[in-house]
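Protein chains in written order, with the numbering used here: chain A, 2 to 158; chain B, 2 to 141.
Simulated from the structure, these hints should not be mistaken for laboratory data. Owing to the predicted nature of the structure, the values given are computational and were not obtained by experimental measurement. Treat the hints loosely; a few may be bogus.
[To be verified] Derived pair list, reagent style EDC-like, types lysine to aspartate or glutamate, alpha-carbon separation capped at 20 angstroms:
no. : chain 1 : residue 1 : chain 2 : residue 2
1   : A       : 43        : A       : 33
2   : A       : 16        : A       : 30
3   : B       : 21        : A       : 80
4   : A       : 16        : B       : 114
5   : B       : 21        : A       : 74
6   : A       : 123       : A       : 33
7   : B       : 104       : B       : 80
8   : B       : 21        : A       : 82
9   : B       : 93        : A       : 111
10  : B       : 20        : B       : 122
11  : B       : 21        : B       : 52
12  : B       : 104       : B       : 92
13  : B       : 104       : B       : 126
14  : B       : 20        : A       : 74
15  : B       : 20        : A       : 82
16  : B       : 21        : A       : 19
17  : A       : 16        : A       : 74
18  : B       : 93        : A       : 109
19  : B       : 93        : A       : 55
20  : B       : 20        : A       : 19
The primary structure of each chain is shown beneath.
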Amino acid sequence: MNPQCQTAMKDAISKVLETMFFATALFEDADEPKIGENLPYKYESRIDVRGAQEVMTLFCLSSDRFARMITADFLGVAEDELSLQEIADAMKELANMVAGELASRMTEAEWRLNIPAFEEMKGAARQYPGKSMAAIRLLDDDGPLALALCRWSDAGK
Amino acid sequence: MPYNVLIVDDSGTMRNVIKKVLRLSGISFGNCLEAANGQEAMAVLENNWVDLILSDINMPVMDGFGLLRAVKSQPSFQDVPVVLITTESNEKRLQEAMRLGAKGYIHKPFTPETIRTLVREVMGEADESAMPDSDEGCDF
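Bound-form chain B, shown alone (with noise of 0.2 angstroms):
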C-alpha cells in the first residue's frame, strides 16, 4: 500500500529534490504533501492522513525540533514516524532528535539508496535492494 508522505523544509527546491529521490528510492509512495515550517506541517497534519513525516531541521518559524515535539506531544499525530534530514552531523544533537521520538535521521547530501534503506527501515519493510527506474509515485 503507498504512503503518504509529508516534506517539510523551507525550501521548495529542496522538497522537489526530495520527492524526486523518493521516486528514485522505488518506494511506492502515495500523496506527497509539503510544507514550508513546522508550523505549516502540523496544519497539514490536522487535515490529511499522513505515513512517515521527512522534515528539515534548520527551518524559520518553527524547525523540526520543534516539530518533532509537536507531532509527539499529540495522541492523535504522536505514531507518525518522523525522519529528519540535516547537515548536521553533531551527534548530542542528533541523540537529542532520537531522545525526542524521532524514528531516524538521513545526513545530506545524501543518495537514493540512503533514503530507501532508512525509510523500509523505518516503515518496517524487507529492503529488495532492486533499484527501479520508474515513474511511478510522487506526482510532481
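Here chain A stands alone, though its shape is the one from the complex (with noise of 0.2 angstroms):
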C-alpha cells in the first residue's frame, strides 16, 4: 500500500458522494482481498487511468444496498425504482468521477481516463492486475457498503 494514495482516494472518494451523490460514508483501511475469498459486494465498476509509463486502475466493490443508495440520490428516484442499467451508469460514473480526482491529486503527468466498465460480480474475488497502491473500504453501521483497489502496472502490460 502507498500511504500517499491511501490518503488520496479517501478524498477523491470524499468529494465525489458530497458533490455528486450527496451522500457520506466512513472510510477504513481495508486488505487487499484474497482470490476466492467471499466479498459482500454485488457490482464492480473499473477504469483505466494511462499515463506515459504507467496505468492506473480503480476497481470499485459496491454492495447492492450502496449502489442502489447513490445511484437513487444520483438521480433523484426511489431506490426500488431503479433499473440495473441506471445502477451501471451511476457506478461507472462514480469510478469515472473517483479517478480523475484520484490521478489529479497523484500526480501532475498527463493522464488519459479510458471508458469506465461494469459487470456483476460472482461473489469471490479475482485477481486483480498490477501492484497494490491503495484499498479503502466504505461503511455505515449495518455494515461495508463498498470497496476501493487502487492498482499501478507498466503501460503497455
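Both chains are given apart, each in its own frame, so use the hints to dock them into the complex.
What follows is the structure, given as C-alpha cells:
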C-alpha cells in the first residue's frame, strides 16, 4: 500500500460522494481481497487511467445496498424504481469521477481516462492486476458498503 | 428567451443528472436534446436549433474533441457554443479544447452553481445569484 495514495483516494471518494451523490460514508483501511475470498459486494466498476509509463486502475466493488442508495440519490428517484442500467451508469460514473480526482491528486503528469466498465460480480474475489497502491472500505452502521482498490501497472502490459 | 441545449454523454443516467442540474441552476431552458456521442450529436444538430452544447469528453464512437472539431468545421454550427464536461484536469488537454474553440469546461464532480455560473457567462447573461427551487425548464 502507498500511504499517499490511501489518503488521496479517501479525499477523492469523499469529494465525489458529497458533491455528486449527496452521500457520506465512513472509511477504513482495508486488506487486499484474496483470490476466491467471498465478498459482500454485488457489482464491480473499474476504469484505467493511462499515463506515459504506467496505468492506474481503479476498482469499485459495491454492495447492492450502496449501489442503490447512491444511484437513487444521483438520479433523485426511489431505490426500488431503479433499473440495472441506471445502477451500472451510476457506478461507472462514480469510478470515472473518483479516478479523475485521484489522478489529479497523485500526479501532475499527463493522464488519459479510459471508458469505465461495469459488471455484476460472481461473489468471490478475482485476481486484480498490477501492484496494490490503496484499498479503502466504505461502511456504515449496518456493515460494509463498498471497497475501492487502486492498482498500478506498467503501460502496455 | 429559453435556450435549447444539446447534452452529449454516453451515459443516459449522466444525461439525466445534467438535465436535473440544469433545472436546479435556475437558467431558463427550452428543449433539452440528447445524444450518446459526437456522431449522434452532429445528427441532432442537422435537424434542430441548438443554442448550447454540453458535452462529455470521454465517449465511444466520437469523443468530445471530435465533436468540437466537427462543430467548428461546419459554418452552420460553428457559432454554437460548446462547453465540455469532464473528469480530466490535465491542463494541456483542457487548453487544447479551448484552442479548438470550446467556450469553457466544467470539471466533474460539479455543483448546480458551477453550471449556472459558466452557462450564464457563456450565454452572455448577468448572474443573478438566486437559486430558485423551481420545476420549470427541461422536461424530464
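So, going through the hints one by one against the coordinates:
| no. | hint | result |
| --- | --- | --- |
| 1 | A:43 / A:33 | holds (17 angstroms) |
| 2 | A:16 / A:30 | holds (18 angstroms) |
| 3 | B:21 / A:80 | holds (17 angstroms) |
| 4 | A:16 / B:114 | holds (16 angstroms) |
| 5 | B:21 / A:74 | holds (12 angstroms) |
| 6 | A:123 / A:33 | holds (17 angstroms) |
| 7 | B:104 / B:80 | holds (10 angstroms) |
| 8 | B:21 / A:82 | holds (17 angstroms) |
| 9 | B:93 / A:111 | holds (8 angstroms) |
| 10 | B:20 / B:122 | holds (18 angstroms) |
| 11 | B:21 / B:52 | holds (18 angstroms) |
| 12 | B:104 / B:92 | holds (15 angstroms) |
| 13 | B:104 / B:126 | holds (14 angstroms) |
| 14 | B:20 / A:74 | holds (15 angstroms) |
| 15 | B:20 / A:82 | holds (19 angstroms) |
| 16 | B:21 / A:19 | holds (17 angstroms) |
| 17 | A:16 / A:74 | holds (15 angstroms) |
| 18 | B:93 / A:109 | holds (11 angstroms) |
| 19 | B:93 / A:55 | holds (19 angstroms) |
| 20 | B:20 / A:19 | holds (19 angstroms) |
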